[in-house]
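Student: In case you want the letters, here they are:
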Amino acid sequence: MIYHTLLFVLTAVFALWAVMARKLLTSAIMLALVSITVSLIFFDFGAPWAGVFELSVCAGLITVLFIGAVSLIRDHDEKRPENRSRFHALPLAAAIFAIAAWFYLPAFFEELAGWARVGNGGGTIGLALWEMRRPDLLGQVLMLAAGVFMIKSIFPRRTQK
Amino acid sequence: MDKGLLAYLLIPLFTAVLIPFIARNRPRLADIFANVTLLAGLVNLLWLALRPSVIAGGFADIPGDALSLLLVAAVYLVGLCVTFFSAYFMEEGLPNRQAYYSLILTSIAAMTGVVTTGDFFTLYVFIEVLAVTSFALITTDDSAGGIEGAIKYFFLTFPASALIMVGIAIFMISLGSLSFDSLRVYMSSDMPDGPVVFASALIMLGFLIKSGVVPFHAWTPDAYQGSYAPVSAHLAGIVTKISGVYAVVKLATLLRFFDGRAQALSELVMFLGLLSIAVGAIAALRQTSFKRMLAFSSISQVGYIVLAAGLGTPLAIMGAVFHLINHATFKTTLFLNSASLEKAAGTTDMDKLGGMEHAMPWTSWTSVIALLSTAGVPPLSGFWSKLLIILALWESGLKTYAVLALLFSIVTLAYFMIMQRKVFFGRKSPAAERSSEVSAPLLAPAVLMCGVIVALGLLFPYFYQYVKVVAERIIL
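Here the protein sequences line up with chains F and U, keeping their order.
For the first sequence, the working numbering assigns the number 2 to the initial residue and increments by one for each residue that follows.
For the second sequence, the working numbering assigns the number 10 to the initial residue and increments by one for each residue that follows.
Be careful, since some hints might not be right.
[To be verified] In silico DSS-like pairs for lysine-lysine, Cα to Cα no more than 25 Å straight-line: (1) U/Lys352 to U/Lys437; (2) U/Lys161 to F/Lys24; (3) U/Lys437 to U/Lys361; (4) F/Lys153 to U/Lys12; (5) U/Lys352 to U/Lys12; (6) U/Lys408 to U/Lys477.
[Stated by the list, open to error] If you want the footprint, here are the derived chain F segments under chain U, 3+ residues with CB under 8 Å: (7) 23–33; (8) 53–59.
[What the hints assert, rightly or not] Negatives, chain F to chain U, calculated, CB over 10 Å: (9) Thr6; (10) Trp18; (11) Gly140.
Please keep in mind that the hints were generated in silico from the structure rather than gathered at the bench.
C-beta: ideal position from N, C-alpha, C; glycine also.
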């Protein structure tokens, strides 16, 4: 139970950080971390397929696209002042959410753990990753390579300018 | 996943990773490694498919569904033409030369993954890899047009990815599996089909957006026009065909197993195909930029493939597969020629060009062969694929569709003739006066593609036999 709660808190912290970060690159990295913690929650509740899909779709694809978009932004765009007054309400919203989670989350996790026991046929992380969804891993390796080459393609031009 | 073709995915990926290390101090090594990898792969594929014993046996020995092998060969052929052309087109000082080749090879590996997988989610992952590589390749020369095209490509194809994901999730809930085979078995059974038809519709819509079919074509002309010249050939020749059109054909063949229960969806796909043919052809007539005209022509030709895929009869699928291959050959030729024009004359604005045939005879005549094939003039390859599609429509009683498809083929000939007259024929323009033919290595890919166009047309009985094997294996 502590493990679930810890992951949930981490997810909430990374999500808030993604919204409030001043740099888009930080936002993208935090979004990837949200995906990873959500995947771990899925794995922990006996849903390895959902975890693998979450990892494939979010941590891999969206992050690479975000980094690509961020790297295309010019310096003067980054320096443009941003109206951040709307973010002042976020800590209050987070506090209300935390109090509600304190009361309701343990019961929700109990419920999920019950369902995980009922659906105890999803297999392990290893089985889902290496046996059932092996071609997806190949796709993820390609995605990683594409992300690296994309950054290698875009940054030298920016440095030269 | 077709394990027999796995090497064609892994080897380009390996070379892509190797290039930044090997070519760090000698950028020219990147050209050599990329070209040698693709040439070796292509020769190997030709050996697999065109050995005398395989031809004599009526292509029965071809492994897998035969479609994967054919499409991997098309991917390698277009990839080789683009990398060979790029080696002589690219400026010496381009800082991202190694990354450019690595991205092209990664996109070739991803396309191989797309056509060899047997699972919807894996297909989706590889298509997203293609989206990332295309995004980076479009902006290779860092021009404003390229960045605009790339951002439009990203924002308009992203909702398509979301639709595909929702469809995949519904498949997962309904079928408990995402393999093409399980979908085929489910569709052939009497189980409730509502959610599966809905999921198929969402996935089909997503892939239609990625194909650039009307009315989802807004990103296509900007992406093709704005991107780095050889990248336009890569995108229009093969990438959008594999990332969108191939998936539409694949899903359409699976819809046949619904036994008429997904008729409305098939009819909608056919209608959008016809709409694309018409809108693409009419819009192409009005363009002044050579590359933009080619982009609209591409939308129109994709319409033929989608129309045939929606019909879904064995003859129509044969026509769709054949036209997909033909489209890869003639559109690559025309886009490479537009790149040559850009290099020689400094513009692709058709109003500023004229009489280029005097300066660039080889470019002019390779354009003539490619455009005649696109318009469906016999005995070139485009004639046979369009004939198969129109015959399939006529046989199915869709005579209005058949007549309209034929009429717009004539419109295709008209806009290409206008282009040829404006750009290559007629009196010499100032641009023609100061231009000269591009070097032989830049001409070689276009000449090779023209050879393929003529060979596919003249040796049609053999190719017909091959696509018949494809149709038998994937739908009968």
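Student: Each hint should be assessed against the structure and marked as holding or not.
Tutor: Right, here's what the structure says about each hint:
1. Of the supplied pair hints, the one linking lysine 352 of chain U and lysine 437 of chain U holds, its CA atoms being roughly 18 Å apart against a limit of 25 Å.
2. The suggested pairing of lysine 161 of chain U with lysine 24 of chain F holds, with an alpha-carbon distance near 23 Å, which does not exceed 25 Å.
3. Between the alpha carbons of lysine 437 of chain U and lysine 361 of chain U the distance comes to roughly 11 Å, so the proposed pair stays at or under 25 Å and holds.
4. With a C-alpha separation of about 31 Å, the suggested pairing of lysine 153 of chain F with lysine 12 of chain U is violated against the 25 Å cut-off.
5. Annotation: proposed proximity of lysine 352 of chain U to lysine 12 of chain U is violated, straight-line Cα distance about 42 Å (limit 25 Å).
6. For the suggested pair lysine 408 of chain U and lysine 477 of chain U, the alpha carbons sit about 24 Å apart, so the restraint of at most 25 Å is met.
7. Against chain U, the region 23–33 of chain F contributes 0 residues with a C-beta closer than 8 Å to a partner C-beta. That does not satisfy the three-residue criterion, and the hint is violated.
8. Residues of the region 53–59 of chain F lying with their CB closer than 8 Å to a CB of chain U number 3, which satisfies the three-residue condition for coverage.
9. Non-interface status of threonine 6 of chain F relative to chain U is upheld: no Cβ of that chain comes within 10 Å, the nearest being about 27 Å off.
10. With a minimum CB-CB distance of about 23 Å to chain U, tryptophan 18 of chain F clears the 10 Å threshold, and the non-interface call stands.
11. Look at glycine 140 of chain F: its CB is around 3 Å from the nearest CB on chain U, not clear of 10 Å, so calling it non-interface is violated.
The earlier numbered hints that this structure contradicts are 4, 5, 7 and 11.
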